[in-house]
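Undergrad: Model the full assembly from the supplied sequences, consistent with the hints where possible.
So the chains spell out like this:
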Amino acid sequence: MPERELRDAVAAGVLAAEAGHRELLQSIVEVARAIFGARASSIFLLDEEADELVFEAVAGEGAESLIGRRLPSSTGIAGWVLVTRQPLVLADVEQDPRFARDVAEATGYVPKSLMAVPLLHEEEVLGVLQVLDRPQKERFSLSEMDLLGLFANQAAIALDLLGRARRARAVIEGTSALGAVAHLAATLDALPTERREAGLALLVQLDHVLGP
Amino acid sequence: MGAEHDEEELPAWSLPTSAVEGIAIPPTWPERVDREWAFGDSTGKRVRVAIVDSGVERGHPLVGEVEQAVVVSGAQGEEPTVDDDEQGDACGHGTACAGIVRSLAPECTLVSVRVLGSGWTGSGRLLVAGLRWAIEQGVEVVNMSLSTTKRELAAVLHELADTAYFNRTLLVASAHNMPVESFPWRFSSVLSVGSHELTDPLVYFYNPAPPVEFFARGLEVDVPWLGGTSVRSTGNSFATPHITGICALIRSKHPELTPFQVKSVLHLTANNIRGTHA
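Protein sequences appear in the order of chains D and W. Residues 4 to 215 (my numbering) make up the first sequence, in order. Residues 7 to 284 (my numbering) make up the second sequence, in order.
No lab work stands behind these hints, which were simulated from the structure alone. Just so you know, not all the hints are guaranteed correct.
Taking lysine to aspartate or glutamate pairs in the EDC-like style, the calculated list, with each CA pair at most 20 Å apart, reads [stated by the list, open to error]: (1) K115(D) - D163(D); (2) K140(D) - E97(D); (3) K259(W) - E84(W); (4) K51(W) - E71(W); (5) K156(W) - E125(D); (6) K156(W) - E84(W); (7) K259(W) - E113(W); (8) K156(W) - D99(D); (9) K156(W) - E52(D); (10) K51(W) - E84(W); (11) K140(D) - E203(W); (12) K115(D) - E64(D); (13) K115(D) - D99(D); (14) K156(W) - E187(W); (15) K156(W) - E85(W); (16) K156(W) - E127(D); (17) K115(D) - D95(D); (18) K259(W) - D47(W); (19) K115(D) - D228(W); (20) K140(D) - D228(W); (21) K156(W) - D168(W); (22) K156(W) - E108(D); (23) K156(W) - D50(D); (24) K140(D) - D95(D); (25) K51(W) - E226(W); (26) K156(W) - E126(D); (27) K259(W) - D40(W); (28) K259(W) - E37(W); (29) K156(W) - E51(D); (30) K51(W) - E113(W); (31) K115(D) - E226(W); (32) K115(D) - E141(D); (33) K115(D) - E97(D); (34) K140(D) - E226(W).
TA: Here is the structure:
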């Protein structure tokens, strides 16, 4: 991990960053669901080591039960979108049993329509964003496709941040000296104002004593 | 493939004056290239179209016969292998693309090259191997409704795209509708396709501001899907097989045309140039 990333990670209080990024992802699926007037929206993260897709954020239908569930990374709609880097919009889905089973695994229920778009950050594909059961009264348009792409960009940035926070945490947890510093930062952060300020003053003095 | 020239006798690297007569284009080209000349009455007969995708479902009534189906697989670090594919379609998308091509070129020969379903890791490698296999078979048209963002694959894909171009295999690839660098659609030896919002499958536009070169029907297209069903679909990945189908028609009627010439014909017959279906 580059030095800059490590410094940023410690400075941001890595132990708290992950929760913040998860909130950001959750907010993205909730806004996507609201803007499209959809029944549900979800974000999958690609777990490269396990070669699987993991539900990372869900809004609407399935929100309670799907987080953390895993899917194969190269089959079904989400797998196709992930591997091909191409967005896909399906409507008037007929109830073929195999298709129904595949999408139910990837959504928690069988939707009548779904949009799926890859989450791309630089060269990497980080996951997939899905929006399910947008009202089908109006014809779909290419401007909606563009809107989906904009949400995908935002979600990709959030997923990238989440990934960085997790990698930084892993590094820090694996290094006792850094771990102690990060733990101290987190402890300090959680203190009531008065004690936190006292603690910070102490650290400033420590820096004076140890510094050049 | 029915080329009008004996390729052995054509000058390859330079053009001596004595050979000029030999490369005269026969006067079968009309003064004005129109759709009637380009693909009127064509059915796609004798043209092989490879669908490099998630596989194609056998026996789907909207797809008809698939002459050959192969799957590309191989663990990380191993050379990918190409074997007969019994599984069919890992997603539904390849079946959809095959159905669109079939609807435009009813007598073309379909070949399914499945590069999906063996895991995400190494999928870029399988994509490259699948494309290479299709080019080695000498198919006339390859439909690639997919892309990769991996820079390390760009060089090998570029080489393959050029090999195809000079071997008279047309690569038709989906463009990205998002501002990302991806391949192979950005290469100039490939026909790249984006979507328009019209409903006529034979309406296509030439884009005077590439890299996306052509726009075809990609919005709310009714396509075959898994289990003999169908679905209404949107995306550049469905616009692409429309251009693939039209290329199959052109190549069936004019097997002698090079990819450069097919592109020119598409340009001359596009709806925004002098098309007859505007």
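Undergrad: Within a Cα-Cα threshold of 20 Å, do K140(D) and D95(D) meet the stated pairing?
TA: 12 Å, holds
Undergrad: Given the hinted pair K115(D) and E226(W), is their Cα-Cα distance within 20 Å?
TA: 14 Å, holds
Undergrad: Please verify whether K156(W) and E125(D) have alpha carbons no more than 20 Å apart.
TA: Distance of about 9 Å is within 20 Å: holds.
Undergrad: Given the hint that K259(W) pairs with E84(W), does the C-alpha gap stay at or below 20 Å?
TA: 41 Å, violated
Undergrad: Take a quick look at whether K259(W) and E113(W) sit within 20 Å of each other, Cα to Cα.
TA: With a Cα-Cα distance of about 12 Å, the restraint between K259(W) and E113(W) holds, given a limit of 20 Å.
Undergrad: Is it true that the CA of K140(D) sits at most 20 Å from the CA of D228(W)?
TA: It holds: about 17 Å lies between the C-alpha atoms, which stays within 20 Å.
Undergrad: Quick one, are K156(W) and E126(D) close enough, alpha carbons at most 20 Å?
TA: With a Cα-Cα distance of about 5 Å, the restraint between K156(W) and E126(D) holds, given a limit of 20 Å.
Undergrad: Holds or violated: are the alpha carbons of K156(W) and E51(D) at most 20 Å from each other?
TA: 15 Å, holds
Undergrad: Compare the distance between the alpha carbons of K51(W) and E84(W) with 20 Å, and conclude whether the hinted pair is satisfied.
TA: It is violated: about 38 Å lies between the C-alpha atoms, which goes past 20 Å.
Undergrad: With a cut-off of 20 Å on the C-alpha distance, tell me whether K156(W) and D99(D) pass.
TA: Roughly 34 Å separates the two Cα atoms, so the pair is violated.
Undergrad: Need the status of pair K156(W), E187(W): alpha-carbon distance at most 20 Å?
TA: 9 Å, holds
Undergrad: Could you grab the alpha-carbon distance between K140(D) and E226(W) and see if it respects the 20 Å cut-off?
TA: 13 Å, holds
Violated hints, listed in ascending order, are 1, 3, 8, 10, 22, 25; each of the other numbered hints is respected by the structure.
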